[in-house]
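Each of the two chains sits in its own frame; use the hints to bring them together as a complex.
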Amino acid sequence: MAVSFYRHCFYCDMKFGVIVFPGTWSDRDCYYALYDVLGQGVNYIWHKETQLSNYDCIILPGGFSYGDYLRVGAIARFCPIMMAVERFAYDGGLVIGICNGFQILCEAGLLPGVLLPSSHLQYRCQWVNLRVESNYSLFTSKCKKGQVLKIPISHYEGNYYADEATLEGMEASGQIVFRYSTPSGEITEEANPNGSLHNIAGIVNREGNVLGMMPHPERACEPLLGSVDGNLIWESIIEYLQRNSG
Amino acid sequence: MNISKETLDKVALSEKEYHLIVQQLGREPSEVELGMFGSLWSEHCGYKHSKPLLKLLPSRGKHVVVELGEENAGAVDIGDGQVVVMKMESHNHPSAIEPYQGAATGVGGIVRDVFTMGARPIALLNSLRFGPLTEARNRYLFNGVVGGIAGYGNCLGIPNIGGEVVFAPCYSANPLVNALCLGIAKKDKLVRAKASGAGNLLMLVGADTGRDGIYGASGLASRTFEAEQELRPTVQVGNPFLEKLLMEACLELAQTDWIEGMQDLGAAGLTSAAVESVAKGGGGVELDVLKVPRREGGMTPYEIMLSESQERMLLIVKKGYEDRVKSLLDRWELNSDIIGQVTDSGLAVVKEGEEIVARASVNLLVSPPLYWRRAKKPAWLKRLQSWDARTIPELAPKQCNSTLLRLLASPNIASKDWVYRQYDHQVMANSVVLPGSDAAVLRIKGTKKGISLTTDGNGRYCYLDPYLGGAIVVAEAARNLVCSGAEPLAITDCLNFGNPERDDVYYQLKECIRGIARACRELRIPVISGNVSLYNETKGEAIYPTPVVGMAGIIGDINRYCTMSFKAEGDVVFLLGNPLMAADSYQLTAINGLGGSEYLELVHGLVEGRPSINLDLERRVQRCCIEAIKQGLVKSAHDCSEGGLAVAVAESCVAGNIGFKGEDWKVVGRLDSTFFGEHQSRIVVSISLDSVSELNKIAKRWQIPLTWLGEVGGKRLAIEGYIDLSLAEIGRTWQDGLKDKY
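Same order as they appear, the protein sequences are chains A and B. Going by my numbering, the first sequence opens with residue -5, and the numbers climb by one from there. Going by my numbering, the second sequence opens with residue -8, and the numbers climb by one from there.
Extracted from the complex, chain B is given alone in its bound form (with noise of 0.2 Å):
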């Protein structure tokens, strides 16, 4: 063998699957086939050391139509013969080194992945992680990727409704951009990117294909970061326009029965979006890159196969429909050229001209060998569970009102008011809940219902404990659609790792999955999409690991949605779940609601302790609280999470512009656990004072505690003996502290 570990690394495979290549072809490979395994096996693409971690997920569900890993994107049925259609993927590495055409060309992706299924886009969200913002690198890839996202989306026409943005040292250099789009389609049209029936032919569409992007599954993608700031010209460049052209026009063919399937061209090109979909048909595909249109002299066939320029398609035509397809395409003024045809050898075969380059079988293109690795718990975890709550001081009832803006003004808990605004997030005029509440709401038109969505990751607790925390995330998505009166639906997820060929890294990965799959049972939802990144890092420091759970519930009378901001003078406020804390049980770190808290970093520095989460509690709070918002009940409904309590309510002020008074709060514990302790689920809810009986029959027959915490009224946030602030102080403090940072 001669071939030189420069150029495989270059591919990113490792020798020993040089081998497999080798012994399953027969022969060395050419420099087309090489390039076309390396991307094929990539993480990014062949999920090598994930896919059996994955499986671990339930993916099934009486309403998914289009199962996890089936399609572009999942499918589930919300009734009336309408599918939505679902996805979030990641683009960290690119927005790495170019945030913002790194973060445009994801949202671009994303949105080709659900318009590629015949859905049309309705909502798209964010999920974001930077380092702090107190060091210029940082500022400068948030403001190029908050750019980059409002410049494409915007353009396109598609509302962003929300997502969330968060700050730790770990995401310096290392940012995290996970976009999620959301599409709704006619079940009876939703179109496969399947490509079957010999001789039916490979149209390319869109852009012309140039030499961007090469390398990003096989290089960028799975890679660590140090390496990568010299691959800055390697990135696409979005075209948000032609993108935009490309929509309209793909979901006019996609009520016509004129094509097989379509495949979007993202990671590996060309490589992928043929290969891969024949894959699906079972057939093979010949192809020509000759015929494809360059957007420069002199490209390779390597470089057009591998080439990740932004705003492509591939339709499968069916033969005979060419000319019909081709002239909806003109309309729309798009180029498109046929490049290939379907076969049924079984074969993969890229000819350059007359000359074969490239000629391999697709099954074992799409067959990368999956690596089943042991997980170990390494020792430093250990180490930062066993903290304990002793060895850090009480807090002193004067410190209660300083805490509280303190963590206000936190940029994790601050609104992020200055990002959302950039973003359209009522085009198409269907959004009931803007961007800042628990979760957004969109109506569906011509129906009665309405759909929410939300985005939640927490990397802290999942860095502390990875199968609690990835439980948590999956609750806390549930969590925050309840509160918006909506039944959650499915979970599209991205995958957010270090390195997983390290032991402690791939603990992490497959703990994490552990505790999805574990509360996506309990409180059963599937998982219907997702993706994986994994190769955070940046020198030798992995991220947090950070699994982000997009999630789509469903409300069936839109009339009856709920938001996080309290009233009425006059209303009263409950604490749904979790009880204010019993005095013996506040030092033992599993339940102080301390371990892995906003409030542990921001006042006392440490990233210590761990969270905890009592699933089944977790799902009753969950059923009290949506049967209570469907009978009316429920006034304002807000989940607990980062700051906790005292934030929470402080939060329900705020958005209502209206204040809250709690008298006679038995505080027995330590004052940080109860005002500022992250303990799971947990919800703040307002009612009417005549609803009283009726939600505590709701509380009882799910047998979930209920805690009377106060009044709403007056224009401050009141705990008799601790509390005591003004609203505009309030406000202003949470409303600033993004800008303040900045």
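For reference, chain A alone in the conformation it holds in the complex (with noise of 0.2 Å):
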């Protein structure tokens, strides 16, 4: 079960902010792994605020937000609290999108590129090995480059896409954090479970202070889950915030 190992030990409490939408679902994952596991503050924030005052990070969770029945992610960017969010990012906030989050930070503009279908065309739900590229970014400073974690996936529209242009601007300059890997880290077509460029399964923006990514890091943060590797990236966006808020 469970152990707040952390809570009141070393960590000062930092103010995360997990963003319902209508059709959200990882909300309470997040809220689950960041609270009870870790022992961070934790609020939801309702899709209809317009004000993101106090948080250190904001958390868009993964789900169906608006049942997703049109392009995923294109009606939950419209939601007043997308404003927010975006002059939250343009001040240097801490952001995260996890799943129809990233898909949604893309519809919005806050990240490059899109999420297509996969090209098997099928929901898929599993494990999967992701390789750290770069341990530069503050949300993997506490992974070793080459790093491989076990952590699971679970979408339909993961399928990273991004002219060429985009593509190789973000190769240059470090902006693709996870790719999909073999369990020792080799990078093939059969470790891509959705046909993602490049094995694309997370990037940073340019700022590197707003990250995306497919597979869900607060399903992995307990052994009796079969990985804590999801802890890395919550436990990288502690130790920063830390370093910065004294």
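The set of hints was computed from the structure by calculation and includes no laboratory data. Heads up, some of the hints might be wrong.
Once the Cα atoms are required to be at most 30 Å apart in a straight line, the calculated DSSO-like pairs of lysine-lysine come out as [what the hints assert, rightly or not]:
(1) B:K621 to A:K136
(2) B:K621 to B:K53
(3) A:K9 to B:K(-4)
A partial selection of chain A residues facing chain B, derived with a Cβ cut-off under 7 Å [what the hints assert, rightly or not]:
(4) P16
(5) Y117
(6) Q120
(7) R213
(8) Y234
Distance ranges between label pairs, derived from CB positions [what the hints assert, rightly or not]:
(9) B:D314 to A:T176: 51 to 61 Å
(10) B:L361 to A:S113: 28 to 38 Å
(11) B:R551 to A:P74: 47 to 57 Å
(12) B:D0 to A:Q116: 40 to 50 Å
(13) A:Y84 to B:P123: 44 to 54 Å
(14) B:A719 to A:Q116: 17 to 27 Å
(15) B:E385 to A:K138: 57 to 67 Å
Every residue, glycine too, gets a C-beta built ideally from N, C-alpha and C.
See the structure below:
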């Protein structure tokens, strides 16, 4: 069972905000991972709110916002709260979009590219291996470069696409943070669960304060559930925030 | 009387039933009344054929909080002030016509049944049956059903943690889609589907009402299949996004004291929701169809009352709290309208504006005539059961390898990963054992406990011996839970049968229920909910009698769960329970394990013989296994079921990615019976060498046979003299079995 090992231990509480759109479902999992497992401060933020004050990091969780009957994330990005998220990101605040949250960030233009339906045209829920491409990112500072993380995916539209020039720019500036790989860290076609270009699983914006990723780190935080690799991402964020709060 | 047979057929009432209605009302019923009687007296709502038989099932137990038939779903106490709410329901008929939407709305319906009670759904399972995938129509149904379940369940954010997928020719054109939902609630916050207190308001929430699904209960679910193709436009279309909002809003409402009850609109729509909930409260109801928001113009009161549009809820709001309820629903962007109120008249009154279009006693509406038929064992069954194993050739030692591979590639045994990976089985971050093991395991946040869940059915066994088949289904489900380290807690069941007005089908129904009841008593597990799906026939051919059992168990310490995979080099493997066959008994059909086996059908093309089980031995085997797991002795446990012992060992190897070496097997009987016979009451366990004497002690105490099978290790599955295959070949064959047929 989850032990709040960290709570009131050596981290001071940071304030995370988890945005709840109609149809969001990873909100509760993110809350649990941050509050119950990692002992951080967390609030739910309703999609109709317009202000984001006193938050250190904003999470756009997974789910099917507005049912995703139109293009994924296409409606959610117009929610009142998204104006505030954009301002928050432009001001340098940390934003992480997971799964549907990644799709919304792309729709909102906070991250480049789009997420297309999987090449095999099926929903896929499975464990995948992610190779950490860079540990310069504040989201991966606790990882080693080339380290392979075991984290599950659960999506239909996770097939990352961007035009050639954009991709080149992202590769050059180190914006690709995670790629689907084999357990030993090779980037192969078989290791790619959805047809993503360059096996891309997670990217950051040019400034490095906005992360989008298809896998669900909040599902990989306890040994009982099969992996604790998701914590490396959360702990990287917490460490960064601590360093910059003093 | 000037009613035509055609009109009565449309509402699925017999002439006799019609006369009964006329007699009780003292007049001819109006059109709306007739439709209401038709659906409430249908098998789906009224259980007129099955109710007397369902009384045979043991429904009480010391943990049972809500009993069978009492509410939308049953509930059992799991301690810490919590209850689990569980129900399984069929959506066979709609899925046969429109597989995607049929299966999707099946999931939607069962989820509503659970959150209606104020319980947050935390797990979905599905038990599915199709005809062989070699036929295009079956592939279409299979694809559609799996897609529908994935599409709906994934959008809701409830993990779909397994179930079963079975193929047999009798399910061609008549697939079975049984969906189970389990939820968790605080015991003191359970909501009842009860409408009481005259003056309290009926509030309809969610989707607008359209013409979809009219005749669902009386028509679809009470008709055989050839008549149905034309009914495709009547199948409801699901909107999982709306369901998700409805779920969150209703769970919030359940925490308030603003409502008296909640009831979802399922089969027979507004009619059954309103009438059945006031029937429980003992009062009456009055509602106005003009206040019901409609999706399309020109709908008649008849259509409004019988529409099965999805994602609708009926709230019984305490008078004076309607504004608060409405504002909560507004926040979730849900439409809500007050359509009527609870009365103390004992009458159900339906108005269209000022005009009364139906007025009948609530009691009469919910009291269909019950039918108790005589059951007689059909002659054809006696012939099938008298099958003699000597009529098939014995298996030669050199055929063992290829036979094992053939079984592993059989769609009934092969990996169902193609199905499960399309379902989100990890959302909610509770999934400890994922789909594909004997049972799925979830942890319960905030406690040390876990819940283990499985669904089981075996149409072939029940076809060959409905009584023992019914008992085996329960025994196997319990065995699956025990293998995961759980104590079985409660059962929900789906009884899928043909037309009960036929003597042989009624016999199957009755015997299966008797068998289930017997095993439940022996293993002390109550049945807390379920449903009955009859008329599963095509062109006069009934499906196999297929009771499906969903079972939940509790694991006291979640760190002590167990899986089927072999763990480490050098661990030793034992068979708990029925030992390898003795020389002189192998020809007896009753105990050679070949009757009704996957082997017999796959290799010899026969569905004959009969299964057997000794429930007393079964109980002791299960007690022994659970005790050994609780003491931490067991490293893996796997139930021997379809495909027999060799398949069970192979699956444990593949799951653990490690080999097995069996030496010195004293095979004295038939090889096919030894390796592939489906003897019941057997569990393959692996333990470390230094736990052997402890396991021996426990087995002695429960007086069960313990047979040494071999050792875990290497990269081959080898049983000296018979089987020698590489792990890679076994794994590939098992993994690709379903894909190759597809």
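Each hint, compared with the structure:
1. B:K621 to A:K136: violated (38 Å)
2. B:K621 to B:K53: holds (22 Å)
3. A:K9 to B:K(-4): Not satisfied, since the Cα-Cα distance of roughly 70 Å exceeds 30 Å.
4. P16: holds (6 Å)
5. Y117: Holds: closest Cβ of chain B sits about 5 Å from A:Y117, inside 7 Å.
6. Q120: This hint holds: A:Q120 lies near chain B, its Cβ roughly 5 Å from the closest one there, short of 7 Å.
7. R213: Given a least distance of 5 Å, the restraint on A:R213 holds.
8. Y234: With a minimum Cβ separation of about 24 Å from chain B (threshold 7 Å), the hint on A:Y234 is violated.
9. B:D314 to A:T176: 51 to 61 Å: holds (59 Å)
10. B:L361 to A:S113: 28 to 38 Å: violated (56 Å)
11. B:R551 to A:P74: 47 to 57 Å: holds (48 Å)
12. B:D0 to A:Q116: 40 to 50 Å: Holds, since B:D0 and A:Q116 (Cβ atoms, about 42 Å apart) stay within the stated range.
13. A:Y84 to B:P123: 44 to 54 Å: Hint violated: Cβ distance 59 Å, outside 44 to 54 Å.
14. B:A719 to A:Q116: 17 to 27 Å: The hint (17 to 27 Å, Cβ to Cβ) holds, given that B:A719 and A:Q116 are roughly 26 Å apart.
15. B:E385 to A:K138: 57 to 67 Å: Taking Cβ atoms as reference, B:E385 and A:K138 lie about 60 Å apart, which means the hint holds.
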